[in-house]
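Fit chain B to the supplied structure of chain A, relying on the hints for placement.
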Amino acid sequence: MANLKLEHVTKRYEDVTAVDDMNLDIDDGEFICLVGPSGCGKSTTMETIAGLTIPTEGKVFIGERDVTKLPPKDRGIAMVFQNIALFPHMDVYDNISFGLRLRDYPKDEIDKRVERAADIVQLEGMLDRMPDEMSGGQRQRVAIARAIVRQPDVFLMDEPLANLDAKLRVHMRTELQRLHKELETTIIYVTHDQAEAMTMSDRIAVIDSGELQQIDPPLVCYNEPANLFVAGFIGSPSMNFVNGSVGQTEIDTPNFTIEFDPTTLEGIGAGDDVTVGVRPEDVYPADEAGDLAFPTAPIRAQSDVLEPMGDEIFAYLLLGDGETSMSQEAATDDQLLMSIEPDSEMQEDEQVEVVLDRRKIHLFDNTTGDALTHGLLDATGGDETGGTPAETDD
Amino acid sequence: MATVDQSDDSGGPLNRWVQRSIQDPERVYRALFYTAMVFFMVTTLFPFYWLLVLALTPSSAITGGGFIPDISLFGANVPFPLPVPQGFRPEGFIEVFQEIPFHLYMLNSFALAVTTTIIVLVVASLAGYVFGRLEFPGRAVLMLAILAISYFPPAGFVVPLYDIFAGNAVTIPFTDVALFKSIELLNTPGSMILPFSALFMPLSIFILTTFYGQIPDGLEDAARVEGTTRLGALFRVIMPLSAPGVATAAVLTFISVYNEYFFSSIMATSPQASNWSPLVGGILSYQTQYTTNFQLMAAASIVGVLPMLILVIVAQERIVSGLTSGALKE
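Taken in order, these protein sequences are the chains called A and B. To convert, note that position 230 of the first sequence is 230 in this note's numbering; the numbers rise steadily by one, no gaps. For any residue, its number in this note's numbering is found by taking its place in the second sequence, counting from 1, and adding 394.
Looking at chain B on its own, in the form it has when it is part of the complex:
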């Protein structure tokens, strides 16, 4: 080995690095790991940094450009590798709440997300129990139907749902036979939570089916003999033991609804907090017909992301690891 090393020492640094890597492949894996890490860090963190730059730059200076200044490096003028704010105006973070009631938009999104998550978890738990633990004819077909429906483009539902939620009578197509008439749900949380729950349900059903199907039958039988009903066994034994799956389904649903704009922008007929317009609706409210306040939009975006940031950190540290440590014991 040593002799091989010496004979190849004559090559350049790359040659030597390659030679050593062949003897110690770990080095390559480590190098690849860091490369990938840096890549993902840059692609995920740079947009936040850019938001921060915009949020601190006075609105008037934003369209002026010049975010990448030239700096003098050993006498030569080179562009600075990162954008820098054009001025420093942190007041934007306060103005977002003064201009419009941004906290109410956030509260709307938060309330919609929490409610939807609870509905999805309860219903998907029941479905997951049935699909994961019971044998019945047509199970595969039903599962496939859920899968198929989950691939329908949500846009396809918007017009009929809007029609229904507007309080119009629903008739059998091409006839005048009325089926039912919904109460008017536009501009209420109902018109958003209903479609959200339906749209995000399939994913949660799949996650929970997998998890619930893995809980040994004996545990459910034991719970039932000890005194629970099937439902009791689901919520007292199966669900706590599937905590990682439940947490995953909950976090995914919550984040999806919190970020949702498409449905809610239509179901809230005007982007006002009192119409249950969501977070994104609030952010877009800084734009009027003639002006666009990019600074406030950027600042509002950052404020809006904060709860998600907290949730993700807590979810990683607390929910997932905390609950799984109890669940994986057997």
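Next up, chain A with everything else stripped away, as it sits in the complex:
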């Protein structure tokens, strides 16, 4: 077990920078998820930690030891791969014991460890099977057993569940968390699935275009995204974004206005362009406005498509004249997604009025994308501006 540190790690290929000045400080025993879209550099970051890729600049420390130049085998790591990567010409026992045999452990010690690892991942009685005789989930468990049997300082998992079917994935997710609780080893887990990251990790490191966007506990990333990218990436369905401009006493968006006193917030003034973000669950029907401590003024909209999910319904609302541009851009000025109770009366294609929870409105700087505030409180509650939003009341 050990902590792990990346200092100014940069990996450049001929004309692309896969990882750009990455700084990570991961505590002993932490479960960290590196999350980001495909090609964002999270796998390269992982390979840098593993030693499969040598960084162009920067240093990697595992347990205070500078391992930047060490080959993978000397780093005290174990890795679970996306394609599982069991050695097809070896049976389960040989696969699990591969690393131990290379290190010349005595036979009875190997037997003991393999047995214990197989026990942890529930593979008893399958040690003499060949990988091709096993199901996807069983192979994945062999891969995990191969990783834990060496008792590494750090576990690296590169999208280990990506090739499993949905049901097995959810099951293995729980298994991995249980495993982490039992082994208390540092785990670095790469995924593009933000749901996996949210549910499993102690902290999430959100990466985009090779740069670290935010590293925080899942709920902080969710409630206080550091910038537009994190806000849009974490959470499913993703946050609503609307272009706005700051006025003297309000924020104007193309289809509605939010009262706002720009003097309560530093670094913003009348005339600035901002992006307004609000999550679907923070949009309420106007008749529930009374339950909210700080609702906005009602916004007129037209319901478009309803997507019942069982425990909630996602309602797509059209703002303004009811025409939508069907834009795929981050900020869709004339669309608003809200989540409503499953027993709601709302029908498709009817006029509705909604309010936003002021405490859950995020403002982002249009030029840098950085978050300006997470909660628009009116002048009376100004001292809370920028603070942690209170728990939702629904």
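Because the hints were derived from the structure by calculation, they are not lab data. All C-beta atoms, glycine included, are put in the ideal place defined by N, C-alpha and C. Careful, some of the hints might be misleading.
Unchecked claim - Pair ranges (Cβ atoms, derived):
id: 1; chain 1: B; residue 1: Phe629; chain 2: A; residue 2: Glu115; range: 21 to 31 Å
id: 2; chain 1: B; residue 1: Thr437; chain 2: A; residue 2: Glu115; range: 52 to 62 Å
id: 3; chain 1: B; residue 1: Thr604; chain 2: A; residue 2: Phe61; range: 35 to 45 Å
id: 4; chain 1: B; residue 1: Thr437; chain 2: A; residue 2: Met130; range: 36 to 46 Å
Then chain B, alone, in the frame of chain A:
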């Protein structure tokens, strides 16, 4: 259908066969298959049979002819369709070892082939790993260079190599500037294994490049994380998984060297077993300035082929199928 059959029944047997073949093309494929099979069987097996006939015929009777006797078939004299031995003298198979130490020639060829195969496999594996799995500038050019060199006629190398292996100093052409001086390698295995390895290397590199390039990167990464070096991953994971390719390269190299005569006949300055003269050198030793013992040459040829026969059978049954069954699992 049935009516069509009947209306065409009036034609001859060929007509009927054609008609049925149109309805069942499988018959044609089967017929073609057997025709081709018989053709290949005859062309490959007949030389062996002819060798056997010669090996059993006493040397004195060989040049006398009459291998195709006339036989009486229902009163008419027709030639027998296969040659038959003129007499029966199996002692030839023992005399091949008494006349000259033929087993030593075989051992020479065998040792040369085994050594060359090992060298080629190791070096070509390294090259195959580099060409198949690594990206680097100039890879295509290097590969092309190997391809080009493999097309040079081996005869072009003989004179300079002989000169070097004779222990002469190598100078820069048209000057007296000495580059290096080789130890004398003529009549030693070194003078044969070196050129053989170089000559048969390109083919093995191509085979292994293809195979090694197909092993998923994840397996190599996994091996390296588990504790091997890149080389360890090559020999512990990539090579076993490419067993069919490795076996193919090994068998091809082995057979080529075992049959080689051109280089070794020159590098061994006289066809004596002690000079590492190969199998073919041994066979030709039954020929002297005035006599040619065709019977012994034929018998020696058969004896010399036997190890290859065994290897091919084992290679097919054991090496290829046995190793591939483990390798193709994923």
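That 52 to 62 Å hint for B:Thr437 and A:Glu115 (C-beta), does it hold up? holds (60 Å)
Taking the CB of B:Phe629 and the CB of A:Glu115, does the distance hold inside 21 to 31 Å? holds (28 Å)
Cβ separation of B:Thr604 and A:Phe61, checked against the hinted range 35 to 45 Å: Holds: the Cβ-Cβ distance is about 41 Å, inside 35 to 45 Å.
Taking the beta carbons of B:Thr437 and A:Met130, is their distance inside 36 to 46 Å? Distance hint for B:Thr437, A:Met130 holds at roughly 42 Å.
Every hint, counting from the list given before, is met by this structure.
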